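J.: Given next are the chains, with one letter for each unit.
There are 2 protein chains.
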Amino acid sequence: MAPWGERLAGVRGVLLDISGVLYDSGAGGGTAIAGSVEAVARLKGSRLKVRFCTNESQKSRAELVGQLRRLGFDISEGEVTAPAPAACQILKERGLRPYLLIHDGVRSEFDQIDTSNPNCVVIADAGESFSYQNMNNAFQVLMELENPVLISLGKGRYYKETSGLMLDVGPYMKALEYACGIKAEVVGKPSPEFFKSALQAIGVEAHQAVMIGDDIVGDVGGAQRCGMRALQVRTGKFRPSDEHHPEVKADGYVDNLAEAVDLLLQHTDK
Amino acid sequence: MAPWGERLAGVRGVLLDISGVLYDSGAGGGTAIAGSVEAVARLKGSRLKVRFCTNESQKSRAELVGQLRRLGFDISEGEVTAPAPAACQILKERGLRPYLLIHDGVRSEFDQIDTSNPNCVVIADAGESFSYQNMNNAFQVLMELENPVLISLGKGRYYKETSGLMLDVGPYMKALEYACGIKAEVVGKPSPEFFKSALQAIGVEAHQAVMIGDDIVGDVGGAQRCGMRALQVRTGKFRPSDEHHPEVKADGYVDNLAEAVDLLLQHTDK
Numbered sequence: 001m002a003p004w005g006e007r008l009a010g011v012r013g014v015l016l017d018i019s020g021v022l023y024d025s026g027a028g029g030g031t032a033i034a035g036s037v038e039a040v041a042r043l044k045g046s047r048l049k050v051r052f053c054t055n056e057s058q059k060s061r062a063e064l065v066g067q068l069r070r071l072g073f074d075i076s077e078g079e080v081t082a083p084a085p086a087a088c089q090i091l092k093e094r095g096l097r098p099y100l101l102i103h104d105g106v107r108s109e110f111d112q113i114d115t116s117n118p119n120c121v122v123i124a125d126a127g128e129s130f131s132y133q134n135m136n137n138a139f140q141v142l143m144e145l146e147n148p149v150l151i152s153l154g155k156g157r158y159y160k161e162t163s164g165l166m167l168d169v170g171p172y173m174k175a176l177e178y179a180c181g182i183k184a185e186v187v188g189k190p191s192p193e194f195f196k197s198a199l200q201a202i203g204v205e206a207h208q209a210v211m212i213g214d215d216i217v218g219d220v221g222g223a224q225r226c227g228m229r230a231l232q233v234r235t236g237k238f239r240p241s242d243e244h245h246p247e248v249k250a251d252g253y254v255d256n257l258a259e260a261v262d263l264l265l266q267h268t269d270k
Numbered sequence: 001m002a003p004w005g006e007r008l009a010g011v012r013g014v015l016l017d018i019s020g021v022l023y024d025s026g027a028g029g030g031t032a033i034a035g036s037v038e039a040v041a042r043l044k045g046s047r048l049k050v051r052f053c054t055n056e057s058q059k060s061r062a063e064l065v066g067q068l069r070r071l072g073f074d075i076s077e078g079e080v081t082a083p084a085p086a087a088c089q090i091l092k093e094r095g096l097r098p099y100l101l102i103h104d105g106v107r108s109e110f111d112q113i114d115t116s117n118p119n120c121v122v123i124a125d126a127g128e129s130f131s132y133q134n135m136n137n138a139f140q141v142l143m144e145l146e147n148p149v150l151i152s153l154g155k156g157r158y159y160k161e162t163s164g165l166m167l168d169v170g171p172y173m174k175a176l177e178y179a180c181g182i183k184a185e186v187v188g189k190p191s192p193e194f195f196k197s198a199l200q201a202i203g204v205e206a207h208q209a210v211m212i213g214d215d216i217v218g219d220v221g222g223a224q225r226c227g228m229r230a231l232q233v234r235t236g237k238f239r240p241s242d243e244h245h246p247e248v249k250a251d252g253y254v255d256n257l258a259e260a261v262d263l264l265l266q267h268t269d270k
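Line by line, the protein sequences are chains Y and Z. With full-length UniProt numbering applied, the first sequence corresponds to residues 1 to 270, in that order. With full-length UniProt numbering applied, the second sequence corresponds to residues 1 to 270, in that order.
Here are the simulated lysine-lysine pairs, DSSO-like style, with alpha carbons at most 30 Å apart:
| # | chain 1 | residue 1 | chain 2 | residue 2 |
| --- | --- | --- | --- | --- |
| 1 | Y | 249 | Y | 196 |
| 2 | Y | 160 | Z | 183 |
| 3 | Z | 196 | Z | 249 |
| 4 | Z | 49 | Z | 160 |
| 5 | Y | 196 | Y | 44 |
| 6 | Y | 160 | Y | 44 |
| 7 | Z | 249 | Z | 183 |
| 8 | Y | 183 | Y | 196 |
| 9 | Z | 160 | Y | 183 |
| 10 | Y | 92 | Y | 196 |
| 11 | Y | 249 | Z | 183 |
| 12 | Z | 249 | Z | 49 |
| 13 | Y | 183 | Z | 249 |
| 14 | Z | 183 | Y | 183 |
| 15 | Z | 196 | Z | 92 |
Hints listed in this document are in silico derivations from the structure and should not be mistaken for laboratory results. Just so it is clear, the structure is predicted and the values come from calculations on it, not from any experiment.
Using the sequences plus the hints, can you model the full thing?
T.: This is the structure in structure tokens:
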């Protein structure tokens, strides 16, 4: 691989994944990943533009940010690009009334949305709410529509909690796709629109930006397809086999966010 | 289409799907489909060989047969080819110890199977047991195996209960496939081995047999790929769009089993 100086040349902005990079979620609010609190502070103290770009869809941004602040992170709601608000915009634009297959923690993001007489399904990381009954309700709504619309907040396969790996929304999205013979519209990473909206928020072009995430496909592959560079951290859901992924090769692998920030501050223009 | 006499020439044996053809399952044991009790009796009174070939994986054969007999059907356990016994044979042959993601109703079929320290997952139509917790358990078992083995009892998309369409095992199989990046081994229709074992049981060659089912893909397409003919009934999960399926064309569409049996008795050699 080329030296870091070359790989990071011209970087002006950084998109940070949250779960598995800043912290591991779990009971009692989860735990910060060692060095990440300081790393975020150093990054925000530098000339680099920073934006948090998450597929978190189990909590509202307010709840997520509150939790992170309690862990010591310097982060505010206005700095976070998350799929639920992006989905709400789409629902309003297209006059869609969703059946919400979501976690109660994110329901407040949909407060302004009409959910009567549903003409689409929105699926998010619903956790325990992925009961057979709720899945079957969503399935039945879709099967009764002439043009079934399924909107999925991300399509992650799994994430890591302090207690172990947990199924994310992606497998359940695939289940409904197969059951109904349809293809979901994904809002969130790796959708290019989603990355672009995060970049717009900090006024940085894709070729000047680097994504830092723990998901080799959703974070790294998705960002690269948008013309960004991408680093994978060896925290969160990272597995050693990711470094030999058949399709995606990160621009660099780092032990954690702290190492990524060390490299960025050392090798990008001051 | 060719006349029925041509389409049914040389038929010596009939494979009958159960759910959606004989009866619709549901609360209180479900209900027989009009004319099906008599149709089965007439078929069994003819020279045609008859075998029941089901993907039912929520109930043991004993329970299923008991339920059908209460509805008036002439059927015994020995006449039924079902996926759970076929899966048990595979588990024994390969020394596999499954984590069972199944409905309690079918658990007795696995009484003789060692389930300690699992080295594979068996997934069946688990109904309400498809909780997030159980799905996550299965996922975690698979993710800890070097060579994850997922055995799925059928891969049906949905079936029809008296209360409406219900998600079958297939969507949940797809969910685990996607989550783990693996491919399941399907035991049951449309697996060719499964159809062949049903044909062997009645000593009929594929080209002399017709499958009657309500599933255009699993029953009709699967049987045809084995060299059998196949009729789709307009009962159970049948939907009008099935008659214009992009990939599968049945050898005939009939309103129900009664009409299928009328045609068979009229047009096959006495």
